[in-house]
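Sequence positions in the sequence shown follow the numbering used here and run 1 to 203.
Everything labelled a hint here was simulated from the structure, so no lab data went into it. All clues given are correct.
Heads up, simulated EDC-like pairs for lysine to aspartate or glutamate below, C-alpha to C-alpha not over 20 Å straight-line:
{"hint": "1", "residue 1": "Lys44", "residue 2": "Glu64"}
{"hint": "2", "residue 1": "Lys98", "residue 2": "Glu128"}
{"hint": "3", "residue 1": "Lys66", "residue 2": "Glu10"}
{"hint": "4", "residue 1": "Lys119", "residue 2": "Asp99"}
{"hint": "5", "residue 1": "Lys66", "residue 2": "Glu95"}
{"hint": "6", "residue 1": "Lys98", "residue 2": "Glu62"}
{"hint": "7", "residue 1": "Lys50", "residue 2": "Glu71"}
{"hint": "8", "residue 1": "Lys44", "residue 2": "Glu95"}
{"hint": "9", "residue 1": "Lys119", "residue 2": "Glu62"}
{"hint": "10", "residue 1": "Lys50", "residue 2": "Asp35"}
{"hint": "11", "residue 1": "Lys47", "residue 2": "Glu94"}
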Amino acid sequence: YTWAITIIAEGGIGISYGMCCKGNHAEIITEGFSDGTVAGADGKPVKEGKYFVCLSHHTGNEIESKMINPEKLRYKRRTQTWLAPSSLGKKMLEEINKDFHNTPKFSITGTDSIFSKGKHSCFTWSTEKAAIANINLPKSKKRWLYTKTNDYTFTDEEYYAHIDFLESQKPANSFTEVPAALKVKKVLNHEDLTSSNSWKVIG
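Based on the provided sequences and hints, a complete structural model is requested.
Here's what the structure looks like:
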């Protein structure tokens, strides 16, 4: 299986923000078809072959990772969507579930800030977990002060306008690899999949 992973902002379901930054809050959305072992923090696996959407985030007080109804998810901003093998996606979720039992200490400025003493914000925690699935975001130039979710996320309109611009700049006779974002856009628009409902939430 191949899963889709996206970091979203200002969205989610039933968020108990606690100390966290409402309006700039980061959450990881993992979606795809279950291999029969994927589970949220409750440990209940999703039936093999069933479509799932898992929302994971650091609220400031605790780690939450749960399966949600795709139709109820709302978000205002998002990163690009990355495709990852289910083996890596599952490893990421397993590490998230470990944090559920041992919540990392929280700082709104993020782990790289001189003010945080190495503590995570909701966003730096999300990027650390995404890296397990080989999703590596660049470091912010302002990270020594703070790392802000909205510096890495876009509205859907901004995101797809940027992708359309990249696509328009690619020469017609170019044999160079199409940027990953363009590939993901095509997948999310069902152009490369046999199942028309393979991706329901993001894109």
